[in-house]
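**Q** Sequence:
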Amino acid sequence: MPRPRKIKDEKEQSKEKRPRGAKKEINSVTGMRDILPQDQKYWQAVIRTVEKVALDYGFGRIDTPILELAEVFNRGVGKQTDIIEKEMFSFIDQGGDNLALRPEGTAPIIRSYIQHGMLNQSQPVKLFYVGPMFRHDRPQSGRYRQFYQLGFEAIGEDNPTLDAQMILMGYNCLNDLGIEAIIQVNSIGCPTCREEYKKALVKYYKTKVKGLCESCKNRLNKNPLRLLDCKEEGCQEAKEGAPQILDYLDDDCKKHFMKVLEYLDELDLPYALNPTIVRGLDYYNKTIFEFWSADDSEGRVALGGGGRYDGLVALLGGRDDVPSCGLALGIDRIVAKLREKDIKVPDPTQPDVFVAQLGEAAKKKAMTLYERLRKKNIKVSQAFYKDGLKPQLELANKLKVKFTLILGQKEFGEGTIILRDMEGGIQEIIDFNKIETEVIKRLEKYQDQEGITVLEENSDGEPAAAKKYKREAATDRDTSENDQSSFNYKDDSPETAGDDYFDNAGG
RNA sequence: GUGAGUGUAGCUCAAUUGGUUAGAGCACUCGGUUGUGGUCCGAGCGGUUGCCGGUUCAACCCCGGUCACUCACCCCA
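The first sequence: position 206 = 258 (the working numbering), numbered continuously.
Everything labelled a hint here was simulated from the structure, so no lab data went into it. Check each hint, because a few of them may be wrong.
[To be verified] Pair ranges (Cβ atoms, derived):
1. 172 to 325: 15 to 23 Å
2. 92 to 328: 36 to 44 Å
3. 80 to 265: 34 to 42 Å
4. 254 to 138: 40 to 48 Å
5. 141 to 353: 43 to 51 Å
6. 320 to 483: 31 to 39 Å
7. 143 to 190: 54 to 62 Å
8. 450 to 285: 30 to 38 Å
9. 82 to 169: 48 to 56 Å
10. 483 to 193: 20 to 28 Å
11. 92 to 115: 17 to 25 Å
12. 477 to 82: 45 to 53 Å
13. 117 to 254: 35 to 43 Å
14. 278 to 115: 30 to 38 Å
[Claimed, not checked] No more than 30 Å apart at the CA atoms, straight line, and that leaves these computed lysine-lysine pairs for DSSO-like:
15. 415 to 307
16. 393 to 442
17. 307 to 291
18. 396 to 415
19. 262 to 306
20. 306 to 258
21. 269 to 258
22. 450 to 416
23. 396 to 427
24. 428 to 415
Using N, Cα and C, we set each Cβ at its ideal position, and we do this for glycine too.
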C-alpha cells in the first residue's frame, strides 16, 4: 500500500526546518531512572511494609537533607573508602561550601543526632529513614547512581539485644514482602582486636602471595579483610588456612557477639556465620550482617546490611561513648527481587467502581455521586470529560473495575441508576438513593471470595485487610486529609487498608 | 577507572551473503449507525535503523569514531 507521498514530504520538510540539535532527545542522567506510575506500587509496598515494622519496634521517622557538607561523610564514612574516594557526588557551591549528595544515610542521621542534642533523650534513640542516595559508580544490575535506601538506626545503646533486633527487623521486612532471606553474620570486633587480626591476616597471606590474583595483591596492602571474599581459585585455596577473625576477638567483643548469636538462635532466625563478610564503610565494628535472598546463591548481591558503629558519634564530633547500630535495605534491589519472583503487590490506584454518565443533567448528578462514593472510601473512577457511553465503558474495562454505575437521562428522570457487573455484563436497575449500600454489599462479596494478600499473609496477628476495608468503607469519613504521596504511606489510613483487598492473585 | 556485548516504531522483535518505498505483533486512535466494554473484522497513527564520518553505483547490514544501554571487574544497597 503506497503511502500518501505529499504528506510525508511536507513532514520531512518541516523537520529539516527545525534547528539543529532541537530534535535530540534529552534522557535521564546515567545511572538515574524514572519511577513511572505503573511501577510505584512496588516502591509503595516496600515502604509501607517497612513503615509497619518501624512502627512495631518503636522507630520514628527522620528525614535529613539530601545535601550535606562533604565533611559529614569524609569523617563519618572514612576517607579511604571507595565511597568517599571515588564515588561521592560533591561540588563547591556558590558560597564556597564543599557539599555532597549523600552516599548513605547513617552519617547524616548521626550528624542530626548530635546537632539536636538527642543524647538528652532516653537512649537508645530509634530512628528510621527512607530516601534516595547517590554514588558515582558504574551502573550494572542492581546498582544505580541514584538509588533508594531505607534504614533503621538505634543510637546510644550497646546491648546485644539491639544487634539481634536490628537483624530481626531486616528479616521481617523482607519476609513480610514475601522474600525469603538468609542472614549472614560476622563480628569484626573493636578497632583494637581488628588491628591484631589484620596483622595476622597480612602475615599469613604474605606466605601465600604467589598464588594470589592481581587485585588480591593490592588488597593485601589496602584492605586485607577483602582478601577473604575473593572468588579467584588461587585466593580461595589460600583462604583455607587463613586465621579467623573470631579467634582474635577480645573478651568483650566475643562475649557481645556470642550474646547476639544466642538471641538469633532464640528468635529462630535463619542465619549463617560468615567470617568473610566485610562491610565497606569504616565506621562499623563488632556485629555486622547482610541479607541475601535465599534463592540466589551465586552472584549474590546483598539486599541490605548493617551492623554496629560504636565510634561514629565521636567521629562526627559528639560524645565519645555513644554505641549504636543500624541497618539499611536497598529498595531498588528489593523491588527487582519482587518482580523477579513475580510477587504481587497491592496497587493503590486500582479502582473498583466506574461512574459513567450520559447527558448534561446526569453528568452533574454523577459528579456529586462520585464524591459521595469517594467519601465512603469506595475506590471509584470516572471520565466526566467523555460523552458517549462506549468510550466510558472502554475505559472502565481497561481499568478492570468490578462494577460500572451508569446514570443516563432515563435513570436520572426515574431516580434510578444501572449497576453493571463488568465480568458477566449483567445489569440491574437500582434505586439511586440505595446505590452506595448496594455497591458496598457487592464489593464485600468479592472480598469474601478473593481473600488474602501477600502482605497480610506474612504478618502475623494483623486483622484481615478485607475486613478492615469493610469496616472503613461502611463508615462515612472524609479522606481529604490523607496524603497518598509516595514515601509517606500512612499505614492505617482507610485507603491504604483498602488497598490490600485488591491484591489476591499472589496469595 | 578496566573489560565484554548490544543499539531498527512507545514495547517485543523481523528484514534473504550490501540491492526497489525497512516489516509484523502488542499498544494507541478511528470505524463496523441509534444508550453498553472485553472477543472479532477493517482502517489509521507511529522510523533521517542512537549520532557523526568513511568505503561503495548502492549501507539497517562493512569500517572508524562517538554516545547510550546492558553485563562483569573494582566496590557496594
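**Q** Could you work out which of the previously given hints the structure breaks and list their numbers from low to high?
**A** 1, 4, 5, 6, 7, 8, 9, 10, 15, 16, 18, 19
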